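Chains A and W supply the protein sequences, listed in that same order. With our numbering applied, the first sequence covers 1 to 147. With our numbering applied, the second sequence covers 148 to 818.
Read the hints as simulated data drawn from the structure, not as lab findings. This one's a predicted model, so the numbers in the text were calculated from it and none came from an experiment. Note that beta-carbon positions come from the ideal geometry of N, C-alpha and C, so glycine has one too. One should not assume that every hint holds.
Taking CB as the label site, the calculated pair distances span [stated by the list, open to error]:
{"#": "1", "chain 1": "A", "residue 1": "Ser63", "chain 2": "W", "residue 2": "Val158", "range": "24 to 34 Å"}
{"#": "2", "chain 1": "W", "residue 1": "Glu527", "chain 2": "A", "residue 2": "Glu49", "range": "46 to 56 Å"}
{"#": "3", "chain 1": "W", "residue 1": "Leu297", "chain 2": "A", "residue 2": "Pro48", "range": "50 to 60 Å"}
{"#": "4", "chain 1": "A", "residue 1": "Ala43", "chain 2": "W", "residue 2": "Gln711", "range": "20 to 30 Å"}
{"#": "5", "chain 1": "W", "residue 1": "Leu462", "chain 2": "A", "residue 2": "Ala108", "range": "45 to 55 Å"}
{"#": "6", "chain 1": "A", "residue 1": "Glu113", "chain 2": "W", "residue 2": "Gly202", "range": "30 to 40 Å"}
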Amino acid sequence: MRPKRQRLLIVITGLVFIGAAIGFALFALNEELDVFRSPSQVADEGFPEGKRFRVGGLVEDGSVSSAGIVTTFRVTDGANSLTISYNKILPDLFREGQGVIALGTLNAGGTFEAQEVLAKHDENYMPPEVADALKKSGHFKPEGGDS
Amino acid sequence: MAPELGQYALVLAILVATVQAIVPQIGAYRRDAAWMGVAPVAARAQFLLVLFAFGCLMTSFIASDFSVVNVFENSHSLKPLIYKISGVWGNHEGSLLLWILILTLFGAAVAQFGQNLPPTLQARVLSVQAMIGVGFLAFILFTSNPFARLDPAPFEGAGLNPLLQDPALAIHPPFLYLGYVGLSVAFSFAVAALIEGRVDPAWARWVRPWTLAAWCCLTAGIALGSYWAYYELGWGGWWFWDPVENASFMPWLAATALLHSSIVVEKRDALKSWTVLLAILAFSLSLLGTFLVRSGVLNSVHAFASDPARGVFILAFLVFVVGGSLTLYAIRAPSLKGGGLFRPISREGTLVLNNLLLSTACFTVLLGTLYPLFLDAVAEEKVSVGPPYFNAVFVPLMTPLIAALAIGPMLAWKRGDLAGVMGRLKFVAAIAVLVGLGMAWYAWNVMPLAVLGFALVAWLALGVVREWAERVRLFRWDIVDSWRRATGLPRASYGMSMAHLGVALTVFGITASEAWQEEKQVFMRPGDVQTVSDFELTFVGAERLPGPNYSALAGTFAVTRNGQPVTILQPEARTFTNPPMETTEAAIRTTLAGDLYTVVGEGDGQGGYAVRLYYKPMVIWIWLGTLAMMIGGMISLSDRRHRIGAPARKQADTAGRDRDSGALAAAGAGD
């Protein structure tokens with residue numbers, strides 16, 4: 001009896017433990033998940049103010065302006081665009097026409113305040129989310145965007 | 148000529164591997180010594196063939212033979228020699244070849260050092276090892292030939308991604324692969340043991356050195372990758388919970404759990420089927436990591452190629468290996484007899500807790516890594532899981548792990564006396580509480596978690612010292628006796644203390660650098676001064692400088708503290724032409740007390756530049772801690788008991804060991 005009970009005890013403790021951990025992890029996952037929205041989706045459906053999400057598209061030509069360290073630019077998926085402001089140094093490969101992804105929140109004025117802007121390391125690279133959003137809005141040009 | 152020879156060698160290698168996979172397996176089944184004898188010979192031959200192929204590819208890279216597609220795409224004649232060599236594995240095909248080279252190296256090592264294994268076990272281990280080899284050789288020959296030719300040959304190569312032109316990154320993949328692939332030995336031993344239907348303490352003793360060696364290399368590989376990200380990416384971060392980092396972290400967590408559970412098998416003949424399962428899972432996670440990184444499912448700097456055919460091949464292989472080994476496990480595991488009994492409060496009990504926490508941590512990383520892929524596939528919803536999730540799950544999992552880390556080694560096997568141990572740890576606990584209170588007063592408003600972090604560091608570091616002091620009976624008898632005991636302790640015990648201290652150091656570095664990091668992202672003109680921590684940084688200016696294969700925008704900061712000059716920092720923003728790319732070269736002043744980290748960015752055309760300035764206190768301790776863990780692993784590996792081949796003296800040794808541990812147990816220790 002003893003060895004069986006011991007093994008049972010270990011297995012039950014383990015299962016309870018792992019169950020609790022998975023429950024907690026799923027909870028945290030739900031809380032901390034960042035969804036992706038294209039500028040068109042934001043324009044059509046909006047997004048709760050102050051909740052963090054990711055938005056991406058091409059940096060609109062002629063939309064980049066900076067005042068000191070704060071840069072303001074618009075990302076577009078061809079159909080709609082969204083104004084983004086960022087108060088840190090932009091990544092090396094940030095430039096007009098490039099696919100970027102920003103993580104941040106919408107403010108009351110409808111501007112997206114980015115905490116993080118990602119442009120990938122390779123100049124031919126386009127984030128898959130951005131490529132997808134462009135395809136949906138019918139503005140995908142493969143020559144600039146194969147990864 | 149060299150590429151064709153290399154190709155031939157690979158074809159021969161896959162033939163040899165096929166023979167090695169089949170013949171010794173049948174030989175072991177029929178107890179036919181001649182058939183089993185094929186295994187070691189084939190393993191050595193396979194290694195030499197793959198080594199030859201690897202040499203051929205390296206020759207092509209060094210000679211800049213651009214008629215080879217792989218060389219053309221990843222090298223350039225003007226590149227420094229070291230990066231021509233590291234270019235061999237800085238791409239998909241070459242890195243796979245390195246993978247296989249290391250796999251066959253381990254196979255040959257088992258043939259060489261495992262001469263004292265029971266012949267059937269050795270034959271089966273090498274056979275399983277060869278099955279993995281066949282899979283990967285087929286993968287490279289059919290989907291990723293590194294020797295494919297180009298006609299006509301171009302005059303110049305496309306160059307290596309400049310981010311990868313870095314000394315740490317030149318050696319990061321080999322270490323990581325030594326770790327990943329090293330786990331294949333533990334896997335092969337596990338599968339062989341399941342086929343044999345026998346797992347005993349001797350088996351654990353044979354597996355342990357290979358797991359330890361793989362673990363050390365994996366630790367080194369991950370630490371190098373993280374240090375590279377810290378100084379090369381220019382964001383000041385050292386861990387991003389990027390899926391590719393997770394891909395290497397999951398096998399590490401599993402291997403760490405395996406290291407600890409195999410101790411229980413070795414000492415107490417318990418937890419056998421769990422240990423076998425862990426060995427299978429650890430290598431499966433290595434394969435999963437390879438799949439995630441190589442298939443292009445994840446886009447990152449590591450995704451050299453996104454070819455669906457490759458992804459499908461690795462996925463099929465993964466399903467075959469994981470599915471096959473788990474099926475075998477399901478059939479055979481029930482026949483593994485449970486061994487020594489133990490109470491929940493005992494050394495075994497804490498090692499079980501360690502395993503539960505580590506494997507749960509591993510699972511949560513897996514969940515966070517795969518969930519976005521899953522959601523994308525089922526619901527077409529693009530999501531990302533970032534650091535907040537991982538921080539939220541890791542802190543509650545690592546806290547009890549570290550708390551138990553100080554207690555576990557002091558508990559006796561079988562039946563521990565928790566009250567007694569806590570009694571002996573009361574000073575340590577008191578100091579940890581004091582540190583916690585001090586920190587609560589000093590740092591509560593900065594970061595409440597820092598309080599917990601420092602209390603745990605104090606608890607663990609002093610606990611490790613206390614445990615050692617107990618073993619040598621420091622201050623209890625005379626110092627001469629303590630010295631005699633200290634020199635008499637097995638190296639494995641010093642290895643353990645060292646590695647556990649390493650954990651304390653790493654947690655210390657993480658906590659301090661997260662709590663008191665200072666960051667400034669500002670625009671500076673020549674003559675502007677910014678204060679970071681207690682340093683004053685004067686921006687002297689920035690200029691364009693030519694480099695060997697890039698041109699750099701170099702900024703200059705004069706750093707002073709209390710008016711006294713400290714140093715000059717010159718961060719650069721480099722623009723490469725082959726391939727066209729830009730990279731950030733941070734200038735860092737590293738001291739044990741903290742790093743001053745500067746980055747220069749774009750100018751506004753009127754003499755002003757965007758700059759990033761950080762002060763990161765104690766950040767170097769993160770890597771010093773991992774170094775300590777690795778050294779701990781190596782010390783443990785050098786222990787007489789773990790020396791590869793030591794099981795030869797199994798009979799005589801067991802007697803000796805029993806006497807040793809008897810003596811130590813009498814001294815209130817026991818390892």
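Open item on the list: Check the structure against each numbered hint from earlier and tell me which ones fail, lowest number first.
Closed with: 1, 2, 4 and 6
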